[in-house]
Amino acid sequence: MISQILSLAFLAQTIRITVPYALASIGGVYSERGGVTNIALEGIILTGAFCTVVGTYYTGSPLVGILCGVSGGLLTALIHAVVSINIKADQIISGIAINLFAVGITKFVLEILFHSSSNSSRIVGLPHIPMGFIEHQPDVAHLLGNPMVLATIAIIIASQFIIFRTRFGLRLRAVGENPEAADTVGIKVNLYRYYGVMISGVLAGLSGAWLAFDQHSFTDGMSAGRGYIALAAMIVGKWNPLGAAAACLLFGFAESLQIQLQGGGLPTQFIQMIPYIATIIVLAGFIGKAVAPAADGVPYEKEK
Amino acid sequence: MRPEFENCRNTSSKEKLSWRGAPPFIRYYLVLLVALLPVSLGLQSCGKQQPSAPPNSEVGLVFDVGGRGDKSFNDAAYLGLQMAKDSLGIKYQYIEPGGGSDRESALRQLANKKSIGLIFGVGFIFTDDITNVAKDFPDKKFACIDYTYDSTKAVPSNLIPIEFREEEGSFLVGAIAGLMTKTGKVGFIGGMESPLIRKFQVGYQAGVKYVNPKAKVLVAYAGVTGEAFKNPAKGKELALSQYSQGADIIYHASGVTGLGVFEAAREMNKYAIGVDMDQWNEAPGHVLTSMVKKGNMAVYDIIKEWKQGKFKGGKPEIFGLRDDGVDFVYDKNNMPLIPKPVYDRVEQLKNEIIAGKIKVPAS
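Keeping their order, the protein sequence lines are chains A and B.
The numbering used here puts the first residue of the first sequence at 1, with every later residue one more than the last.
The numbering used here puts the first residue of the second sequence at 1, with every later residue one more than the last.
Where hints are given, some of them may not hold.
Unchecked claim - Listed next, the stretches of chain A that the computed footprint assigns to chain B, with coverage defined by at least 3 CB atoms under 8 Å from CB atoms of chain B: (1) 11-24; (2) 109-118; (3) 138-147; (4) 212-221; (5) 267-274.
Stated by the list, open to error - Computed from the model, here is a short list of chain B residues facing chain A with C-beta under 7 Å: (6) N231; (7) L238; (8) E263.
Said to hold, decoys possible - Every beta carbon over 10 Å from chain A, so not counted as near; a handful from chain B, in silico: (9) S57; (10) T148; (11) G313; (12) P316; (13) I338.
Honestly, the hints are just simulated from the structure, not real lab data.
C-beta: ideal position from N, C-alpha, C; glycine also.
Work out the full structure: start from the sequences and follow the hints.
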C-alpha cells in the first residue's frame, strides 16, 4: 500500500485532482481580496466547462474551446458583479442563485444542442507536449505534457506576486480591506471590485475547461461541488494564492488517497469519508485563525 | 437617513427609484426567480403533452439519475419506448428528474394525467416511491425496472417489479476477462454501492475466478449516493488507479460514471467492459465486450402485454440469460479482440448456466 502511495501514478492523480480546485480557489482569492464574496464559483466552473465543450465541439479546436470557456466564466462572474456591486444585493444569495441558474441553463441548452439532458458528445482533448522519457506511463506523460498544468503553476506564482507585490494588487486589497480609505485616495472602489470578480470568473472558467478536457465531454452537474471545496481551500489558505494552492493540494491528496485505498479491506463507506475528515481536521485545528478581508461581502456605499 | 436622501436625489427616474428602494427580500426573490426559470423550463420542455388523447392510452416514463443520453441504462429504456411507438403505435411522455426529491412528484405528475395509463420508473432508486404512488393510483398501471424486491413486503397488484439476473451476464464477461487478462489482474468499478450493483460485482468475480482461480479482482465504488452514477471524473480516476496497479481489463457498472472509465482505457491503451448496452462506440477498440441488459425488451414487452390487456402485477418479472434478458456482446466490432477459443468457452458456460449446471451467486 505504501508503494502505491509513493508511486508516480499517485502523484499524477493528486495533481490532476488539484488543478481544477487550485484555479477556482485562486479565482476566489482575487474576488474576496477585492471585497466580494464569491460562492458563485461552483456555477462559474459549470458554465466554463459547458462553454468549453460547446466551443470545442463546433470548431474542433481546443483553443477556441478554452476561449469560450473563459468567456462563459467571465460572463457568469459579471452577473455576480452587477448583482453584488451595483445592485448591492446579498452576495451569498446572488452566488446561490447563480449556482442554481448554471445547473438549469446548462442542462437546458444541452438538451437543445445534444438532445440529452445528461451528457454531450465527445470532444477532442488538449494536445500534450510529448514527454519521451515517461511515455510508457501514459497518464503521467499526459499530465506533465499538459499545457494547462504548466499554466496553472504559472498562475499560482504570478498571482502571489500580483496580489502582494504590484500596484494593482495593493489597490485590490485596499478596496477589500478599507474601501472608504481607498476611495479617499482616489481609487475607484467598484472598478477594482469588478476586476477582482472578473479575474475570478476567468480562472474558474479555466477550471471548468480543465474538467471538460479531462472528461472529453460535458456531463450534467460535472462541477460536483468543486467550487465549494475551492472556497474552503481559499479560507484554509488564508486568502493567499500560495496558501490556497497548498490547501487544494492537500484536498487533492486526500481524495486521491481515498481512491487508492479502495479494495484494501477497509469498508468503502469509511474510505469515502477521508477527504471530508481531512477538511474538518484542517479547518478546526491546524491553520489557526483565518481572518477574511475586513470589507469582504460588504457592498460599498459612497459617502454622500 | 440614507433612503430619504436617495428619494430626494432620484425623483427624476421613477423606475430606478422603485427598484433601488425595494426592500432587500424582494430583490433576492427576483434574483432567485430569474435563476429558477431555466430549471422549470428544463422540466417542462420534456413532457410532450397531447391534451386531446383518449384516457389511459399513453405510456409515461421517469428516468433515473443518469438521465437520457447516458448511453447506458436510461437509453435502453428509452429505446424500448421508441420500439413501442414504432411497432405498437403507442404515444409516450417522459420526465428526467433533476435532483433526488423530484422522483416521486414526477411519478405523480404523470399519474395525474388522464391520457396516461402505464407508468415506468427506471432504476432501483424508485422502489419505495413507485410502491407508494401505485397504492395511491389503483386504476393506473406501474412497472419499475430494477425494483428491489423484498419477498416479505407486498407489491401492489397494479405494479410489476422488473428484475434482471445481472449476475449471470456479469459472470460471462468476467469469464472473458479472466481468460484474456495478461497481468492476472482485472478491475471492477461500481457506481453507488448498493445491493443491485453488488450483483454485478459478485457475478463478475465469480466468472473471473471460475476460469482463472489465481486472478485478482480489484474492486472500487464511486460513492454511496445516487450521485455516484453521474461522476465521470471520479470514474476516470478510479480506473486510472486500477490500471496503474496492474489491471488490464476493467468492467464498470456505474452509469454515466463509466464514461470516465472508457476515457481512462483510451488514455492507458487498455481494455474496458461496458454495461447495460453495447458501449463499443464510447472507446472503439478498447471496449472488449459489454454486458447487455435488455431494459428495452423489458419495457417493450410490458407495454405490449398492457396494450393486449394481459398486464399482471404484484409479483416480479425476471429476465435472465434463459429469457434473453441479459447477454454479452460478440459482434463484428469486437470479434477481432476476442479469440475464438475464448468465445467458444464462454458460450459453453452460458449454456451451462441456462441448463442450471452452474449456479451464479448474486450476493
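* **Hints violated by the structure (listed by number, smallest first)** => Result: no hint breaks.
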